[in-house]
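S.K.: These are the residues of each chain, in order.
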Amino acid sequence: MDTATPQPAVEALPPLSPGQIFWRRLRSRKIAMIGGVLLIGLYVLAILAGFVSPYDYVRQDHARFFHPPIWPEVSGFHLVVPRYEHLSGDCVYRRVADDTRPLHFFVHGDAYRLLGLVPLSVHLFGTGDDAYPIYLLGTDQFGRDILSRLLYGSEISLSIGIVGIVISFVLGLLIGGISGYFGGMTDNVIMRWCELIMSVPTLYMVIALRNTFPASISSAQVYGIIIIIYSFIRWAGMARVIRGMTLSLCEQPFVLAARAMGQSHLKIIVRHILPNTFSYVIVAATLSVPYYILGEVDLSYLGVGIQEPSASWGLMLNAAQNTEYLKNYPWLLAPGVAIFITVLAFNFLGDGLRDAADTKA
Amino acid sequence: MLNFVLKRLLHMIPLLVGVSLLTFLLMSLSPGDYFTALSQNPQISPETIARLKAQFHLDRPWYVQYFFWVKNVLSGDLGYSMAYKIPATSLILARLWNTFLLSFFALILAWAVAIPLGISAAVRKNSWVDHACSLIAFAGLSIPDILLALLALWFAAATGWFPVGGAASPIHDLMSPGEQFWDYVKHLILPAIVLAAADLAGIMRQMRGNLLDTLRAEYVVAARARGLSPRWVIYKHALRNAINPLLTIFGYSLAGLLSGAFIVENIMAWPGLGRLTMEAFFQKDSYVVVDCVVMATGLLVVGNFVADLLLAWSDPRIRLK
Chain A
1 MDTATPQPAV
11 EALPPLSPGQ
21 IFWRRLRSRK
31 IAMIGGVLLI
41 GLYVLAILAG
51 FVSPYDYVRQ
61 DHARFFHPPI
71 WPEVSGFHLV
81 VPRYEHLSGD
91 CVYRRVADDT
101 RPLHFFVHGD
111 AYRLLGLVPL
121 SVHLFGTGDD
131 AYPIYLLGTD
141 QFGRDILSRL
151 LYGSEISLSI
161 GIVGIVISFV
171 LGLLIGGISG
181 YFGGMTDNVI
191 MRWCELIMSV
201 PTLYMVIALR
211 NTFPASISSA
221 QVYGIIIIIY
231 SFIRWAGMAR
241 VIRGMTLSLC
251 EQPFVLAARA
261 MGQSHLKIIV
271 RHILPNTFSY
281 VIVAATLSVP
291 YYILGEVDLS
301 YLGVGIQEPS
311 ASWGLMLNAA
321 QNTEYLKNYP
331 WLLAPGVAIF
341 ITVLAFNFLG
351 DGLRDAADTK
361 A
Chain B
1 MLNFVLKRLL
11 HMIPLLVGVS
21 LLTFLLMSLS
31 PGDYFTALSQ
41 NPQISPETIA
51 RLKAQFHLDR
61 PWYVQYFFWV
71 KNVLSGDLGY
81 SMAYKIPATS
91 LILARLWNTF
101 LLSFFALILA
111 WAVAIPLGIS
121 AAVRKNSWVD
131 HACSLIAFAG
141 LSIPDILLAL
151 LALWFAAATG
161 WFPVGGAASP
171 IHDLMSPGEQ
181 FWDYVKHLIL
191 PAIVLAAADL
201 AGIMRQMRGN
211 LLDTLRAEYV
221 VAARARGLSP
231 RWVIYKHALR
241 NAINPLLTIF
251 GYSLAGLLSG
261 AFIVENIMAW
271 PGLGRLTMEA
281 FFQKDSYVVV
291 DCVVMATGLL
301 VVGNFVADLL
311 LAWSDPRIRL
321 K
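Protein chains in written order, with the working numbering: chain A, 1 to 361; chain B, 1 to 321.
Bear in mind the hints are in silico, worked out from the structure with no lab data behind them. The structure displayed is predicted, hence computed values, not measured ones. All residues carry an ideal CB built from backbone N, CA and C; glycine is no exception. A hint or two may mislead.
Claimed, not checked - Ranges between beta-carbon positions, derived for each pair:
1. B:W128 - A:I47: 38 to 46 Å
2. B:L9 - A:S248: 30 to 38 Å
3. B:A168 - A:P214: 34 to 42 Å
4. A:V189 - B:D59: 27 to 35 Å
5. B:L74 - A:P214: 30 to 38 Å
6. A:G19 - B:G209: 22 to 30 Å
7. A:R24 - B:W232: 40 to 48 Å
8. B:S176 - A:V52: 53 to 61 Å
As the list claims (entries may be wrong) - Residues from chain A that face chain B, not an exhaustive set, calculated with beta carbons under 10 Å:
9. P201
10. V297
11. P335
12. V337
13. I339
14. F346
Just chain B, with the same shape it has in the complex (with noise of 0.2 Å):
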């Protein structure tokens, strides 16, 4: 299993490498550049522009500022945001804990509801609650990420039971523990619900069909003939061997999960990564940019890699391969 682990982990690396070194030649050939901007303003010099650009090293080649932001990050530096003018490191790390957290509590809800839609659907087939869950799949799969979450804000507005936008109340700091807690799910739970529902139809459907598959198999058969109960048979011996599947799109389905909250994050003003990006894109700050893209891609290997653990930990067949 520590082998599994170590080689698991070896992997991640050259990814990382990869990713960040192509983000960083995506950011070399946007055409200008921060200092475009601040070099239309007259009153500042352009010897000062110059040596901004010379302490950053934006003057050199994007590889040799790709090996001087490696230093950097190693040393736990990511580098200086341009536009907010303070260290990148605490801005990216705050926004990172933000979009782990909804996207967690998306994770969470999603498969949640998913799981057991998805069993109910594969044992009663063909009933009403088969129907309805393929009808909620179709809707869930075509509904855009935008509508919902617009439809969420108008949600909001109207009856006005939810914060609209931001992670905290303007007043959060005045706030007891205990208040600044409900502080953080009311702002967090309409965003999460949002994303949650975006995800939850694939989950339902991969559910069903593989609960579906097992429940054909022959040793569902044999217990049955021994005269296991129904219930027994389907809890204990279909859906041990059902959820093995499932657990590999675990990482896929963090992929799309980690892309819904990009978007959420912009319609709900939820002060993520994805919301980040945006700012830092339009400001044309270019260091944000490449730490925001490798740190969602961070978040997606190390949520591959949980699920790799689950499934390795479920499955002894793949640890020992």
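This is chain A alone, in the form it adopts within the complex (with noise of 0.2 Å):
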């Protein structure tokens, strides 16, 4: 009798972990890869803030309010920044022909500390010459520079989004787990409250509670201020959803032996529940990060947010209320610009996630 049992042609491949195949699904969206790509740039370029940056975010040029972009001009193998002059009048500036400095890489400008830390003063490009200033995206009406004031903005507009969805989504978790998992008395209040935050449209809420803070405070406060606000109104959405999937995992076989075997209800709720939750809760939380963007872009331009002189693309925009200053200036409108690129970006791979996630379609 033969016992040599049939060799496979091809050795089969070792199956792949949940996440290796959620990661080659994703890599496979082109969208959600360009989403990425452009997140983890802009969050290079904010942590890079101060040596990226040319000037310093209130560093006043009293010569050049409201001044264009002034862009770098290739010459032979150099680039050289061309200089302007103010003609009289209202900051209407002309090009001088001729006068020109070359760009530099790695000069010396501005003192700063890089990620609050390192004290450094060289930045990554300028003219190291105050007279041939390099303002790529023109200046504001008290003569700032406008991509600096953009980049060192970026660090409050990238960061608020993560410590937001960090406190609203260990809320919303804990809080829906536990409504759905007890059930009861206990799941009405909670649920009854949720619906009362949600039944308020957002900003009336927000105003309502800022209202209970002080009206004039340093931007460090508001900066929490903005986060602590919104984490109140942004866990009950979530808190919902989770609540719901929390019941239908009740019911599963691992949760009943994890009771028979006497867990204690808070680590049956954190370890066994939650857990399965985390593919949803990672595609809402992406796309969730822009709200908080968002929220500080609106507190700032209502006046009640980041306060002058710090550096808020919701505080830049402000400035571009006047019809006057939007219809002449138009460059004042950057900040929102770079704030539709970054809530593209999140949106993108948000919208990514979410396909690699669900593992039906």
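Could you use the hints to bring the two separately framed chains together as a complex?
M.R.: Below is the structure:
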């Protein structure tokens, strides 16, 4: 009797872990990858804000209010920065012909602290000559470089979303899990409370909450307050969804087994139930970050958020509110474009994550 | 059906009570009030301020104030605006009407554009129409209301085709009724477009998704197998069922719309509730802030009620439950 079993022609590949499958599915989505790469770039820029920005965010150029963008030009093998002169009248500038300075990389300039720790004064690019400034995105009503303020502002905008979702999602997960797991009166009280919060249009609720804090406080405090306010509002929606998922997960055999083994309620919720909601949570978190970014923008724009002279995207847009400014100096809208790109990147990535997490499709 | 309507109406009451209580509590936690600024004024004696406070029950704890407020609201009196020195009722009702008008037109505009786009994207899946629609959806979901409103302002200022800000021209009262109507429309059109554009993307994506789901359903295949024309199957069988889930997001989209209206009103100077809230906020006119929050919530709750009615009307399973 022939005992040799037929050998498979091709050796079977080791099975992929769920994480690997997810990563493969995500990588095949071009839009998600574009969003991811954009976000990595934006966060690197925000971390290196002091180094990349040519000037300090409070530095005022009293000779150049509302200066239009200045771009370097190619001259021979060098990049040169042209000089502009101020014409009499309302912030009208004219290029001076044949008067340029070469653009240098790694030049000395305003002092800053990288990551708030390392004191440095090297900047990625610049002319090193105050008479030949380089304002890639022009200057604002106080003669401050918009690109520099945009970069410093991105520190606020890009971090506020991350801190915000961490707080509101931890709250939402825990409270939603407790609500669905225990049911009954607890569930009823928590869900009515969620409905209450969700039935007020967001910005009205935000203003009512903002009113409980003093009107003029430091920008660092406002930063914390914005996170508190938006977390207070946004955990409710999260908790509702998690509660629904917990309700159906409670019927699963593994939860029954954990109960039968006498594990504590909190441990069952945190260790057994909540990890099963993570594929939803990651997608929802990515798509929620823009709400915090836009929340800061809205509040700062309305004048109850980050205050001058700090740089924030909402605050910078506030300057564009004046129709005359808007008509004559359209580069003031640059922060709006930055917000658009950031939110778009989060939506791209979130959409791709959702498709990759949806194993049914 | 009557039972259903009554149940829904009764459901609204605890919600409004809860929201007004919460807002009152938040107001009482607020540091300083309208009188803090007044007391700096040497021309106003402390006695006058004490008298004024007593007159409006502002010297009492917040739950007593709340009790007086509810009593007054039930008799149609929304309190008194300290900053405007007029009864809050007329002030707020005028602003409420403006916000309603703006939101209502934006809603109609958004749905009128989003539904046909969503349908054509689903019917011609993966065609250029579909790709263009998904591009619009991504852009619409990502563009901040503020940027859109500022671009609209810039457009209005650059072309001069539309008035910049306000709900009516200064000479509105001198116009004939026909001109007055046209004047309103001209002021309303830009804010409504901005608001609708922000709302449009979500509805369009939902419509496309729903219709794609129903087009895969067996009854659609069966109808096609019986030889019905594709057009008939899409519009009579699939679309009718794809509309139902859309009515449930109507309420959700309304919440976004009212919040969006808040920011659009403040940027484009549309005299609505959102603008009034900010004015009252800066002047510490606490009754008016409370009234605005409760009114906006009321608008949302009524909107959700209408959505429920529409859903019950279109889907018998819901009203029989």
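S.K.: Would you mind marking each hint as holding or not holding in the structure?
M.R.: How the hints compare with the structure:
Distance hint check: the CB atoms of B:W128 and A:I47 are about 40 Å apart, consistent with the given range 38 to 46 Å. The beta-carbon spacing between B:L9 and A:S248, approximately 32 Å, falls within the hinted interval of 30 to 38 Å. For B:A168 paired with A:P214, a C-beta distance near 37 Å keeps the hint of 34 to 42 Å intact. For A:V189 paired with B:D59, a C-beta distance near 33 Å keeps the hint of 27 to 35 Å intact.
As the Cβ distance of B:L74 to A:P214 is approximately 34 Å, the hint placing it in 30 to 38 Å holds. Checking the proposed 22 to 30 Å range against A:G19 and B:G209 shows it holds: the Cβ atoms sit about 27 Å from each other. The hinted window of 40 to 48 Å between A:R24 and B:W232 holds, with their beta carbons roughly 42 Å apart. Taking the beta carbon of each, B:S176 and A:V52 are about 60 Å apart, inside 53 to 61 Å as hinted.
Hint status for A:P201 relative to chain B: holds, with the closest Cβ pair at about 4 Å, below 10 Å. Proximity of A:V297 to chain B holds as hinted, the smallest CB-CB distance being about 6 Å (cut-off 10 Å). Hint on A:P335 holds. Least Cβ distance to chain B is approximately 9 Å, under the 10 Å limit. A distance limit of 10 Å between C-beta atoms decides the matter here; for A:V337 the minimum to chain B is near 8 Å, and the interface restraint holds.
For A:I339, the interface hint holds, since its Cβ comes within 10 Å of a Cβ in chain B; the closest pair sits about 5 Å apart. Here the hint on A:F346 is kept, as its CB sits about 8 Å from the closest CB of chain B, short of 10 Å.
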